[in-house]
Structure formats: C-alpha cells, structure tokens
Amino acid sequence: MRALDIDPVHDTRETFRALVDATSRPGTVEQTPTTPAVHAVVATLVDHEVTLHGGGDELRTTLGRESRLDTAPFEDADVVVVDGHTDGRVTVAKRGSLKEPSEGATLVYEVADLSADTEPIDGDDDQTLTLAVSGPGVPDTRTFGVDGLPATEVEAIAEAQSGYPRGVDVYLAADDRVVGLPRSVDLSVASDVPDEEVA
Amino acid sequence: MTDQTQMHETSPTTEATDNEQQESATTPTGVSDLLSESGAGMAGYNYAYLDEHTKREVRRGVLKAISLPGHQVPFASREMPLARGWGTGGIQASLSLLGPADTFKVIDQGSDESVNAANIRRLAKTTADVETTTDTTEASVIQTRHRIPEEVLTDEQILVLQVPTTDALRRVDGSDDANRRRHAHKNYSKMWVALYENVVKWDEIQISARYPAMVNGRYLMDPSPIPRWDTTKLNDADSLFLFAAGREARIYAVPPHTDVEPLAFEDRSFQVERFDESCHRCGSTDTYLTEVTGDDGVTRYACNDASFCEKRAEHPDLSKDHHLDEDDVAWGPETPDPILSDETGGEDA
Amino acid sequence: MSLLDAENVTRFYGEFEPCGDCVDLTGPTHGRNQCPDCGTVVGCADVDLDVERGEVLGIVGESGSGKSSLAEMLALDLAATAGNVEFASYDGNLLDANYEERVDLRNTNVGMVHQHVRDGLNLEFTGGGNVAESLLAAGWRNFDEIRARVRDLFEETEVPVDRMDDPTDTYSGGMQRRVQIAKAIANDPELVILDEPTTGLDVSVQARVLDMFRRIQREQDVATIVVSHDLGVVRLLADRTVVMRHGRVIESGLTDRVMEDPQREYTQTLINSVI
Chain A
0 MRALDIDPVH DTRETFRALV DATSRPGTVE QTPTTPAVHA VVATLVDHEV
50 TLHGGGDELR TTLGRESRLD TAPFEDADVV VVDGHTDGRV TVAKRGSLKE
100 PSEGATLVYE VADLSADTEP IDGDDDQTLT LAVSGPGVPD TRTFGVDGLP
150 ATEVEAIAEA QSGYPRGVDV YLAADDRVVG LPRSVDLSVA SDVPDEEVA
Chain B
0 MTDQTQMHET SPTTEATDNE QQESATTPTG VSDLLSESGA GMAGYNYAYL
50 DEHTKREVRR GVLKAISLPG HQVPFASREM PLARGWGTGG IQASLSLLGP
100 ADTFKVIDQG SDESVNAANI RRLAKTTADV ETTTDTTEAS VIQTRHRIPE
150 EVLTDEQILV LQVPTTDALR RVDGSDDANR RRHAHKNYSK MWVALYENVV
200 KWDEIQISAR YPAMVNGRYL MDPSPIPRWD TTKLNDADSL FLFAAGREAR
250 IYAVPPHTDV EPLAFEDRSF QVERFDESCH RCGSTDTYLT EVTGDDGVTR
300 YACNDASFCE KRAEHPDLSK DHHLDEDDVA WGPETPDPIL SDETGGEDA
Chain C
0 MSLLDAENVT RFYGEFEPCG DCVDLTGPTH GRNQCPDCGT VVGCADVDLD
50 VERGEVLGIV GESGSGKSSL AEMLALDLAA TAGNVEFASY DGNLLDANYE
100 ERVDLRNTNV GMVHQHVRDG LNLEFTGGGN VAESLLAAGW RNFDEIRARV
150 RDLFEETEVP VDRMDDPTDT YSGGMQRRVQ IAKAIANDPE LVILDEPTTG
200 LDVSVQARVL DMFRRIQREQ DVATIVVSHD LGVVRLLADR TVVMRHGRVI
250 ESGLTDRVME DPQREYTQTL INSVI
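Protein chains in written order, with numbering that gives the first Met the number 0: chain A, 0 to 198; chain B, 0 to 348; chain C, 0 to 274.
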C-alpha cells in the first residue's frame, strides 16, 4: 500500500474509523487520512478473502503485488469500485441472501465532490444533487450534496437497497471525503427541497 | 426446547449465567504471561496486537454489522491471549478500532479494576499505544462486559460489548440453524410464546439479563447480559454499540439513533429493575445497584458503575449528563421522583 | 368464484430428472405411481378440484394414493411440481407464493391440522401457548386479549380450560388433536385442512372429535378439506368427495352419491372393505 502513499497500519485504521462513522451516521461527510478516498477505502477493506470488481490499474497492481487481489465479475464481486455510476447496473450487484444478507456487495463510488452543505442548491448548478437519508443512524432526516452522481443512479441504488435486509451497501468517495449509504437507510433525491429546511 | 430456568432469574443481584460460571472455571493468565515476557514495549508485536489481515476481517464484519442493525454477522474469529469467554470477541473489535489518539476504558461488570479488565486495558495500552482511563466521559472506546455506563454516551464514543451468547432465540430453541432461518424470515412467534408462558407463570415478564429486543423493527437481538436497566439505553442513543462474540465468531451492532424495543405485551410492559435502597457509598437512587457484602458480613446496596459512584461520592448532585451541553438527555430508565417513588413503592404487579 | 380452484396439481418425487413421460406411464390404468423409465415417483398428477365457501370436501384414498401430497401442497407446506391454484385471498397462483406470503397465508387464511402431532404442535409448550402462537404470529400483542381468546378456543374445541397452562405433552391424543383444531381456527381462516383427523385416536374419542369439528365447521361456516383413508370420516364430514388412486382423482361427486352409487369398481371395493 506504500506505493499508494498509504500507511498499511495507521492510515487504514484511520480510514476504517472514518467508515465506521460514515456507516453509523449515514449522510455525514467523513474524512479519510489519504487521497483519493477511494484508494483508502479499498486498501482498508480488500484482500484475497473478498472479491473485487473495478478500481484503477494502480490500485489493482498494488493489491496484486501484495497477493490481496481476487477479482470477480460485477454481479459476483464483494467489493465494487465504481467510476461515477454503473448506468443502473447496481441493481444486479450481489445482495446476499435472507439468511446471510451480509454477503451483499459493498460499492464504492468515485464521485466528483461531496459536501455536508445542506443549503438548497442553486438552479443553475445542475451538477449538484442534494440527497436525503433517513433511518438508523439518522435523527429525522439528513441531507448532503454530491457532484457527479446522476439522479437515475441514486434511484438505482435505492432500488438495489429496497429488499431489506438483502441489498447493497454504498460509499461515495471524493478527494479525501466519504459518505456512507448503508442499505438500512431510505435514500432519495431532495434537490427540490424548499428554502426553509428539511425537517 | 424451552429453557424455563433461564428466564426466571429476577433479582438484580443474581447476574450469573451459565456462561459466567463456565468462565470462572478458567484463569485468564494469557495476557499477563504475554506482557511479562514482552516487557512494556511493543517490540516483536503487531501494532494493536492483531495482524492487518485479521483486522481487515473484523473491520469488514463491523461495517456490515452496522449496515444491518441487529443482524449477527459471521467473522473469522482468531485465537487471542485470553481464555475464550473472557472477551476475545470484544478485544478483537476494540483492537481493530483503536489508534494512538484513542482513550480506552474497560469495564467488567461495572468495575474497571477486575483482573480481566486490567489485562485487556494493559494489552491495548502496550500494543496500541492508547491512553487508558476509568472515567467514562474521557473514553473514546469503551469495552464492557455486562453493563452500559450510567453517564450518557456521546456521538464521539463507541461501546464494545462482550457477548457470551449471540442469539436471543437460543432461549427457545437450541438449534442455531433453525434460529437463523427464523431471523431470515423475521419469524419470532416462538419467542413470543415463551414470553406468553412467562407471563402465565409470573403475571409479568421475568427475564433479568439478556432481555430480547427488536432492533430497527427487523431483527430480534440478544443485547448481551446487560441488566434490563441498561437495555433502554440502546434505544435512540448518540453512540454506536458493537457486540462481539469471539467464541461464536459473530459481530452485531446498534448504530446511533436506532429503534431498540424490548419485547413486551401492550398490557404487560417492559419493566426495569427498581431498588428500594440507595447506594450506601454515594447515596444515589437513580443508578443500577447491586448487593455487596462487606468485611463485617453486612449486605448493602452499592452502585454497580464504580467509576460514576466515585464521582457521585464527591459530588452527590452530579447528573448523568453533566458532561454534555444539553440538559435532561434521555438515558436509560426514567428516574422516579424521589418523593413519588416512596408513595408508589415498587413496580406495578 | 370458488374459494379455491385447483387445476392440474402435480407433484413428482425422486432423485432423477423426470423423463417427460412419467405422467403417461403411471396412474390407475398402469396400476403404479412410479415411472418405469426414469424411476420418478408421481405423488399426484393432473388433479383438478374446487372448494366453495363453507363447503367440506373429502379426499379419500389408500396410503400412497397422493392425497397427503395434495393436502400438503394446498396447505402451503409442500412445493408443487406443476399446477395452478386460485385462492380467494391470494392474487395469482397460490402454488407460486413465496415464503413470506406462505407464512402470512398460513397465519391468517389457511389452518392446518396435521396427522402427526409434532408437525402441528410444540409439545414442550403449554396447550394454551400452542394456540397463542397462532395469535402471536398474526400480530396479537395484548396479553389479556390473547388469554381470553385462547380460553374461548379451548371451550369451543372442548378441551378442559383448567389444562391450558399444562405442557402439551401431558395431554391425551384426543386433547392434542383438539388443541391443533383450536390453533387452526384461531385466526378465523377461510380454509381448514384436516389431514387424517382420527388417526391414532380411540374409536370413542374419534367420534367426539369429529362431532366437535362438525359443529364448529357449521357454526363458523368455514370451508374445509378433509383428507382420510377412512370413508367413515369423509362420509360424516364431507359434502363432496374425491377418490384418489395411484396419484390421480378417479371419481368425484356428492358424498352421498359416491357412497351409494360408486361409478368405479375401486371405489366400490373401498366402500365394501369398510362396511
């Protein structure tokens, strides 16, 4: 992992803690110790015990050098790195079984930007979506902003998470930031929230 | 097979379960031996004792557990220098979390001072270079056996509970395979029948510790052998709760702000323990008390949370949320008004 | 529309891939239910039947005739190989219901009384607890209401109320059968299925259990399928009867007609062997 400027002990531990916070408080923007966050997340979670789909050459080469790379097709992979969006294919990612739902895939989306800013987005900035989550880890509703994730993909993620407890768990990553969207939450696009506030 | 006997221990002082009895038969010499050989340094050991491969396995389990509140996620539990049952699951979870910036507290049935608590604390301090504390409010990660602290946990804190028995359904069926099918389909009628029969026998639900609770309306969870007193603290808390079982190789979680509802009937509600006495050391009437027998042979009631009891002894008016900006933070049982409680006496039949 | 309308219900057993001719090579005309080509056992095949609301349908046949397979499929306990079953409370083919739907249907719409007590009751539970399980599974959460309902059901099925808090394994066989019936009707289902309701009971007990069930069936007007090898049982309870042999329905009609004027020699033999 040093090839990726990631300390294999302390950076991954810190990344794990960011993921713990991101998963237990969905919609909050957490910080990874190294950039890009997508490398940090994969370096923290992936080894030969799980299968990987996607991820750049650099990442895969580094994992391979450490004998930590076991790849699989999109539909079978435990961890999927997604560049931007899956064109809706997230719905065919592994969702686990009712008996062992934890075998559902973890998808790490590399997006353009993430922000905790819950201010309503200006109409002219059509790149930014405000997403709303509710459920475990969220008092009432939490909103956050994401750039580079199409609304159709958000709907596809919600669909892939709709058969709870089966489903996929999602992390959005940008620069040194990560947002968790575990399957336990209700996810929706809230771009057209009124100026006042989301309850 | 309905194990009636497990459901009837009622007195707050009879906390011992089968598991504990098994545990007391073994001596946790592992850590002491290890540490005396290694001296005070970390030389020759991995950071936080566990190798990175083991940590990744635990960490993947932890994240899936948080994503599926109350579901028991399997993980490859490894051997630890502790006798199984002494918190091998808890220590693997703690060591996978801990870093140099953390402050670590270990509680064994309310006390920081047991040999077991001291050993676990020392293992973490020596191998992971963490600060340790006995003060709940100073800790970032707390590993605990059988209690949730009396002082309100915050969104900066993670509580790791040691779990001897992972499945609440084992009270009504010894077959793990059948129980996993029940969890898969949210089929909890057998547990409900056990509660029904409990009420038939006692006119109220008599389960002392390990009170079964529904998490997020989906999974029935064994909250580990915490008293009923602590069970309500799991509901809509600010902190994350991780439950780790080394022997059974399962991790489960209750994220912050998650519904945790103890099973009960509309007309036979969930009741926490009530104490007629106050703590003989600090005078508290709003804490979980246990019987202690002094050198003089006299049995008295005392706070089970030793660290908070010490603070209360110095500052009798210290509230459970004294360290927070807000007041009247909900945490555990509603404390009865001292005057009213004299009139109402114990709990309703 | 009928309460239940079944067409072409078929069930194969066996470890081999069915050859495709199994149905043609088995049945009453061949005198066997195992396919000679591939070894597949045809439990039942091409069974058509319907049950009206409030009606009692008898299914009679010898051991191996396929009647129990049929009952288990209609009670949602056994997957079908083929067939289509329309049921008033279910949208679609009942045989295709998924696990959750089956659980829901069994909890609220279809009550089953099993031949073997262990399939229907948890003997370690109290009798009352077993009946309460049906209510609890259907979402009842008020203890006093559950108690009152269990007591009513005990009275209804003529089980001594003062035994309701005793473990079920201390009950007599007749009482266990009555508790199963109490459990099956607890949530006012539209359909009750009785599988060999008298098997294993003393003759005097058999009559009382059947009388009790007949009274409840009439009072509550609940549609019932009663499966038995015993023509006496079917004659007492059923409005209409189907006769099965080698996995096929060989005769059906009003019970009185079937008993008094059987069209098939086999049915005649069955009747004669009883009388």
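Be aware that one or more of the hints could be misleading.
[Claimed, not checked] Here chain B is said to cover these stretches of chain C; the calculated rule only asks that three of the stretch's residues, wherever they fall, bring their Cβ under 8 Å from a Cβ of chain B: (1) 44-56; (2) 97-110; (3) 170-177.
[Stated by the list, open to error] The following label-pair restraints were derived from C-beta to C-beta distances: (4) C:Phe15 <-> A:Asp146: 16 to 26 Å; (5) C:Asp168 <-> A:Tyr163: 49 to 59 Å; (6) A:Pro7 <-> B:Gly173: 50 to 60 Å; (7) A:Glu158 <-> C:Gly13: 33 to 43 Å.
No lab work stands behind these hints, which were simulated from the structure alone.
From a predicted model like this one, the values you see are computed outputs, not experimental measurements.
C-beta atoms are modelled at their ideal positions from N, C-alpha and C, and glycine is treated no differently.
Handout entry: Assessment of proposed distance window 50 to 60 Å (beta carbons of proline 7 of chain A, glycine 173 of chain B)
Key = 43 Å, violated
Practice task
Quick one: see if chain B covers the stretch 97-110 of chain C, three-plus residues with Cβ-Cβ under 8 Å.
Solution key: holds (count 3)
Exercise for the section: Just tell me: holds or violated, for the beta carbon distance of phenylalanine 15 of chain C and aspartate 146 of chain A against 16 to 26 Å? Expected result: The hinted range 16 to 26 Å is violated for phenylalanine 15 of chain C and aspartate 146 of chain A, with Cβ atoms some 59 Å apart.
Problem - Outcome, coverage hint (the stretch 170-177 of chain C, chain B; C-beta under 8 Å; three residues) - result: This one is violated; 0 residues, fewer than the three required, reach chain B with a Cβ under 8 Å.
Handout entry: 33 to 43 Å as the expected CB spacing between glycine 13 of chain C and glutamate 158 of chain A, which holds or is violated
Key = About 40 Å separates the Cβ atoms of glutamate 158 of chain A and glycine 13 of chain C, which means 33 to 43 Å holds.
Practice task
With respect to the beta-carbon atoms only, verify the hint that aspartate 168 of chain C and tyrosine 163 of chain A lie 49 to 59 Å apart.
Solution key: 39 Å, violated
Practice task
Confirm or reject the coverage of the stretch 44-56 of chain C by chain B under the rule of 3 or more residues with a beta carbon closer than 8 Å to the chain's beta carbons.
Solution key: violated (count 0)
Checked against the numbered hints above, the structure breaks hints 1, 3, 4, 5, 6 and satisfies the rest.
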